Structures are given as structure tokens and as C-alpha cells.
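Residue numbering for the sequence shown follows the UniProt record's numbering, starting at 1 and increasing by one per position.
To be clear, the hints were calculated from the coordinates, so they are not data collected in a lab.
Only a predicted model underlies this, so the values are computations on that prediction, with no experimental measurement involved.
A couple of the hints might just be wrong.
What the hints assert, rightly or not - Calculated cross-link-like contacts (lysine to any residue; reagent style SDA-like; alpha-carbon spacing at most 20 Å):
1. 133 with 143
2. 122 with 135
3. 122 with 133
4. 122 with 63
5. 122 with 137
6. 133 with 121
7. 122 with 55
8. 133 with 49
9. 122 with 66
10. 122 with 46
11. 133 with 146
12. 122 with 52
13. 133 with 65
14. 122 with 64
15. 122 with 54
16. 122 with 110
17. 122 with 111
18. 133 with 63
19. 133 with 62
20. 122 with 60
21. 122 with 146
22. 122 with 59
23. 133 with 118
24. 133 with 57
25. 133 with 52
26. 122 with 58
27. 133 with 56
28. 133 with 117
29. 122 with 69
30. 122 with 143
31. 122 with 73
32. 122 with 56
33. 122 with 109
34. 122 with 112
35. 122 with 72
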Amino acid sequence: MSLLWFAEWLDTHEWSTALHESLWAYPIIESTHVLSIMWFVGTIIFVDLRLLGIYMTQTAVSEVTRRVLPWTVSGFVLTFVTGLLLFYAIPVRTYQSVFFRVKVIMLLVAFANILWFHYRLKVHQPEWDTRTKLPGNVRAAAMTSLSCWATVIVMGRMIAYNWFDCDRPQPDWVITLAGCVV
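Start from the sequences and build out the full structure, keeping to the hints where you can.
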């Protein structure tokens, strides 16, 4: 079973079509998705800037993460749910979007970075909790986080444009990257 098959199967559901064609539901979900991204990324920026030694340098990293990360997680949950609903509304076009594919790759890189930070780096947090300049690998994790989330946002925004849609004549490289069935 391919992912395209799965997207095509989702597209056959009445609710998928109803959601996409809804006068109110789709725009509300899309707006909620954008606002929840602001909530999620806006809070993670505080943590990343602290890890980079740019912001709140007089506050312990553990204090920043203790106060901010619960908000970050709740913002992420809302972002994830609304993102799934947006995918459900237009599954085939979204799946075949080059921008969506880059976004998914960057999401995977961001999650790998989160796991690396929380399970490999954060165990040493007591050693560097109150330092202004943190170890290079911690700062690299913060910079990777900022870069990944910025790319995810840009790619997510670009999904709305049909520059590389499969129903338009495209160069071979686009057909390959988008997984267009010719």
C-alpha cells in the first residue's frame, strides 16, 4: 500500500470533501492552524534563544523550560490536530506537493533534534543550567530547532500555491519529487 493510495482513499470520504468545500469549517481550521503555529513556535523561540545565550541569560535554562514548554506542547498538539484536518480536507493535492514533502522532512529533522536534545543533551543540564554561554552542541540544537521550524512554516505556507501541482505540465524533476503519476 503506497502513501498515494492512502491519500486517494482519504479523498473518497464524504467528510473530506465536505470539509474542503465547507464555507466555515475549513477557513476556521486553517486560521486555528496558523494561530496555533504562532503559539507553538512563538514559545519554542524563547527556549531556543535562551539556549543560544541571546535572551533571558540571567534565568536558568531549567526555569525557562519549566515555564514555557507546557505551553509549547499544548500549542503543538493543536497545530498537529489542525494540520491533520487540513491534510484530510485535501489529501491527494497535499501529498503530491513538493512543499509538503519538504515540510514533512523538516518536521522529522525537528523531531530528531528534539529527541537528541531531551535524551542526550538535557541530561547534562545541571552542569550548564545557569551559564550564559552554553556548550556548542546545545547551541547547535537550538539553531537547528529555529531553522527547522522556520522552514516548516515557509513550506507550509507555500503548499497553498499550485506552482508544482501534478495537474499542470511540469518538468521531470517536479514529477519525480511530487510523486506525480504520469
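Hints versus structure:
1. 133 with 143: With a Cα-Cα distance of about 14 Å, the restraint between residue 133 and residue 143 holds, given a limit of 20 Å.
2. 122 with 135: 11 Å, holds
3. 122 with 133: 15 Å, holds
4. 122 with 63: Given that 20 Å is the threshold and the Cα spacing comes to 13 Å, the pair holds.
5. 122 with 137: 11 Å, holds
6. 133 with 121: Measuring from Cα to Cα gives roughly 15 Å; hence the hint holds.
7. 122 with 55: Holds, because 19 Å separates the two Cα atoms, which is no more than 20 Å.
8. 133 with 49: Distance ~11 Å between residue 133 and residue 49 Cα, so the pair holds.
9. 122 with 66: Measuring from Cα to Cα gives roughly 13 Å; hence the hint holds.
10. 122 with 46: 16 Å, holds
11. 133 with 146: Distance of about 18 Å is within 20 Å: holds.
12. 122 with 52: Distance ~14 Å between residue 122 and residue 52 Cα, so the pair holds.
13. 133 with 65: 17 Å, holds
14. 122 with 64: 13 Å, holds
15. 122 with 54: Holds, because 19 Å separates the two Cα atoms, which is no more than 20 Å.
16. 122 with 110: 16 Å, holds
17. 122 with 111: 15 Å, holds
18. 133 with 63: 16 Å, holds
19. 133 with 62: 15 Å, holds
20. 122 with 60: 13 Å, holds
21. 122 with 146: Given that 20 Å is the threshold and the Cα spacing comes to 17 Å, the pair holds.
22. 122 with 59: 16 Å, holds
23. 133 with 118: 19 Å, holds
24. 133 with 57: 8 Å, holds
25. 133 with 52: 7 Å, holds
26. 122 with 58: 19 Å, holds
27. 133 with 56: 12 Å, holds
28. 133 with 117: 17 Å, holds
29. 122 with 69: 14 Å, holds
30. 122 with 143: Since the Cα atoms of residue 122 and residue 143 sit roughly 16 Å apart, the hinted pair holds (cutoff 20 Å).
31. 122 with 73: 17 Å, holds
32. 122 with 56: Holds. Residue 122 to residue 56 sits at ~18 Å (cutoff 20 Å).
33. 122 with 109: 18 Å, holds
34. 122 with 112: Between residue 122 and residue 112 the Cα gap is close to 14 Å, so the pair holds against 20 Å.
35. 122 with 72: The hint holds at about 17 Å.
No hint from the list above goes unmet by this structure.
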